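J.: Listed here are the chains, written in short residue letters.
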Amino acid sequence: MSRIQTRFAALKKEGRGALIPYLQACDPDYDTSLELLRAMPAAGADLIEIGVPFSDPSADGPTIQAAALRGLKAGATLGRVLEMVRAFRETDNETPIVLMGYLNPIDSYGPAEFCFDSAQAGVDGIIVVDMPTEEADLLDAHAREAGLDIISLVAPTTSNSRLFHVLRDASGFVYYVSITGITGTNSASAADLEKALPRIREATSLPVAVGFGISTPEQARTASRIGDAAVVASALIKTMASTLENGQATERTIPSVLKQLEGLAAAVRA
Amino acid sequence: MTNTPSPLSSPLANSLRSGPDDRGRFGIFGGRFVAETLMPLLFELDEAYRAAQADPEFRRELDYYLKDYVGRPSPLWFAQHLTEELGGAKVYFKREELNHTGSHKLNNVMGQILVARRMGKTRIVAETGAGQHGVATATVCALFGLKCTIYMGATDVERQKPNVFRMHLLGAEVKPVTAGAGTLKDAMNEAMRDWVANVADTYFLVGTVAGPHPYPEMVRDFQSVIGVEVKEQITQAEGRLPDVIVAAIGGGSNAMGIFHPFLDDASVRLIGVEAAGHGLDSGKTAASISRGRPGVLHGNRTYLLQDKHGQIEEAHSISAGLDYPGIGPEHSWLNDIGRAEYVGVTDEEALEAFQVCTRTEGIIPALECAHGLAHVMKIAPAMAKDRIIVLNVSGRGDKDIFTVAHHLGVKL
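Residue numbers (this note's numbering), protein chains in the order written: chain L, 1 to 270; chain X, 1 to 412.
Simulated from the structure, these hints should not be mistaken for laboratory data. Fair warning: this is a prediction, and the values are worked out from it, not measured in the lab. Note that beta-carbon positions come from the ideal geometry of N, C-alpha and C, so glycine has one too. Treat the hints loosely; a few may be bogus.
[As the list claims (entries may be wrong)] Here are some chain L residues pointing at chain X (derived, C-beta under 8 angstroms): (1) 72; (2) 131; (3) 260.
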């Protein structure tokens, strides 16, 4: 079993959903983001999403845009992100790591090389925001060969028949973009989720993670119960950004983010 | 899906004009690289566009607006004084600057707004660089009473103030984008973010032959009216096709529009002129084909200015309309198969051509097409006097007089 399968199976036994925090690689610098990454599991992260900085994150709101810029300024490259994952794996071989980003840096790195190097580094899954099912043949075979899950995204605009098309060969888990919008803006209501999830579950038996617009412990709890996992991104980055001085980390940076993460985890586990 | 016979562009076997394929690709270029949220909308748009193409009523409606509102056909002008000054090939101007709103942009906007209306959309978002597409979009929104939001880089808002004011007068909301360098690329990102957040009622009116399929095809089809007219007009004037067609390229819609009807006429050289900015090797350029490499941005695979890690670089050009690090995917394909040539012209050369055109022909061209003219000035003198060049004068230069004055050291 893959790390992702093992983790979701274990949580199912525990009878709760997963909490998936997000951090942007090299935001605000490599060392801080690696330290934060290493501390996340103990603070309650069940899986972790690492954002790969891109110059033109057209599906992201202002918070993640700013984080990407800080990451790039601090020298983030895909190679550097993989280095970070390798360093994380020295001390943690269980927490699943999923990279989330845009296609061009991967395309530039080389799709086959990227899949191989990612798996070698200890990455479990990849989410490519601007690579819909219709274009996924670019990575599919390489990812399969490397044992990497390509995490399929579905949205409120995805019709029932399209859900079956998109999720036909899905693996790992399914990422439900719960609002029509960009990251860190609106939130879906519990009622929205109650309506959407059965539709998705018709088309897949994979766990469903709910993301976009989840910021409070209450929202994380709701999403992780109606779905199988809650992704929290912008809310954590907002906290991190508020602790920076002149774009640099301060002693408050890591404790503040971890404290918020603990609060989210407590709600998911309650 | 692409088999519906189209009055705008008939798919032909063994023709360079039959692209894109059903994945929206021209060779390896094009495609649909967008978030899942937008995919259903692209399919919906594709269907609506095919239905419109197949509907004679749509064609009649578009023809009516093109003739009586846009002012088509635009004339083909023999630039005699310029020709004499250059002393070589005969130079003709395709006068797209005479269209309503002063550029070729309205051809596309008119077509798309009719598609948007058929789809029942009530709100339009668009990106703009120089503001020509923004003004064209705001214009048709005023005409049809639709809500209109235009995203424009903050830098461009500053250097294209008259167009910003025009858009305001036309009732559009202009949102300055401060991300990145505050130019067209950043405006495009922001327009896509708006679209994804307002999918139910909003139509994204793309201004150039780029973006996810079917935009590159649809915009090209609507702009092809330029080349179709040129073919007829030059045949009438000269009894034959031109030897060379020159057009400036930002995203490449005016060039694609004039090139496309000639793709199968092998005797006609097609030259796209990219903005070289401070020079092709200065690092301050917008020449995506000359200095970029293929990658994925804004929904399509195409030549992009990017660093070795796949991060997109900022483009530079004196002309806000050419200041984009990508290019339409069909151009990338035409370059790779060798059907069209792509060259660079610097800010300096464009400024010089701007003045020559104004002085010899009494036509103030947009800085965009001044790039095209600068290349014409390079090649015409060495060509025989019976050779023919057609330059697409895609827009008028009134919007640029402040920029030009600034560069000439004149205070207005």
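J.: Next, verify each hint and record whether it holds.
T.: Outcome of the hint check:
| no. | hint | in the structure |
| --- | --- | --- |
| 1 | 72 | holds (6 angstroms) |
| 2 | 131 | holds (6 angstroms) |
| 3 | 260 | violated (25 angstroms) |
In this structure, only the earlier hint numbered 3 is contradicted, and the remaining ones agree with it.
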